[in-house]
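Visitor: In the working numbering, the protein residues as written are 276 to 311.
In case anyone wonders, no lab produced these hints; they're calculated from the structure. Bear in mind the structure is a predicted one, so any value in this text is a computation, not a measurement. Hints are not guaranteed to be accurate.
Dumping the calculated BS3-like pairs for lysine-lysine here, alpha-carbon to alpha-carbon at most 25 Å [what the hints assert, rightly or not]:
#1 K294 to K283
#2 K297 to K285
#3 K299 to K285
#4 K291 to K304
#5 K291 to K302
#6 K289 to K308
#7 K285 to K304
#8 K299 to K289
#9 K297 to K283
#10 K308 to K279
#11 K308 to K294
#12 K289 to K302
#13 K294 to K279
Here are the computed distance ranges between Cβ atoms for each label pair [to be verified]:
#14 T306 to E281: 25 to 31 Å
#15 K283 to L303: 27 to 33 Å
#16 G284 to E307: 17 to 23 Å
#17 E311 to D277: 26 to 32 Å
#18 K279 to K308: 17 to 23 Å
All residues carry an ideal CB built from backbone N, CA and C; glycine is no exception.
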Amino acid sequence: MDKKEEVKGKQENKEKREKGEKDKEEKLKETEKIEE
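Using the sequences provided together with the hints, build the complete structure.
Guide: Structural data, given as structure tokens:
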């Protein structure tokens with residue numbers, strides 16, 4: 276992963292935390308379902 280992508284990923288994670296842990300958890304669950 277290149278530096279810009281890493282910084283962008285960290286920023287997105289920060290925004291998700293600010294939006295709410297519940298919202299973040301729901302997105303993770305959806306991702307897990309898709310991967311299965």
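Visitor: Holds or violated: K308 and K279, Cα atoms, limit 25 Å.
Guide: violated, 28 Å
Visitor: Tell me if the straight-line CA distance from K299 to K285 falls inside 25 Å.
Guide: Holds, at about 14 Å.
Visitor: Quick check on a hinted range of 25 to 31 Å for T306 and E281, using CB atoms only.
Guide: violated, 19 Å
Visitor: Run the distance test for K297 versus K285: straight-line Cα separation, threshold 25 Å.
Guide: holds, 18 Å
Visitor: I want to verify a distance hint. Is the separation of the beta carbons of K279 and K308 within 17 to 23 Å?
Guide: violated, 29 Å
Visitor: Can you confirm whether the C-alpha distance between K299 and K289 stays at or below 25 Å?
Guide: The hint holds at about 10 Å.
Visitor: Range hint 17 to 23 Å: satisfied by the CB atoms of G284 and E307?
Guide: Hint holds: Cβ distance 18 Å, inside 17 to 23 Å.
Visitor: Is K291 close enough to K302, meaning Cα to Cα at most 25 Å?
Guide: holds, 10 Å
Visitor: Between K294 and K279, does the CA-CA distance stay at or below 25 Å?
Guide: Since the Cα atoms of K294 and K279 sit roughly 22 Å apart, the hinted pair holds (cutoff 25 Å).
Visitor: Does the structure keep K291 and K304 at a Cα separation of 25 Å or less?
Guide: Roughly 14 Å separates the two Cα atoms, so the pair holds.
Visitor: Tell me if the straight-line CA distance from K285 to K304 falls inside 25 Å.
Guide: holds, 19 Å
Visitor: Would the pair K289 and K308 pass a check requiring their Cα atoms to be no farther apart than 25 Å?
Guide: holds, 23 Å
Consistency with the previously given hints fails for numbers 10, 14, 15, 18, ordered from lowest to highest.
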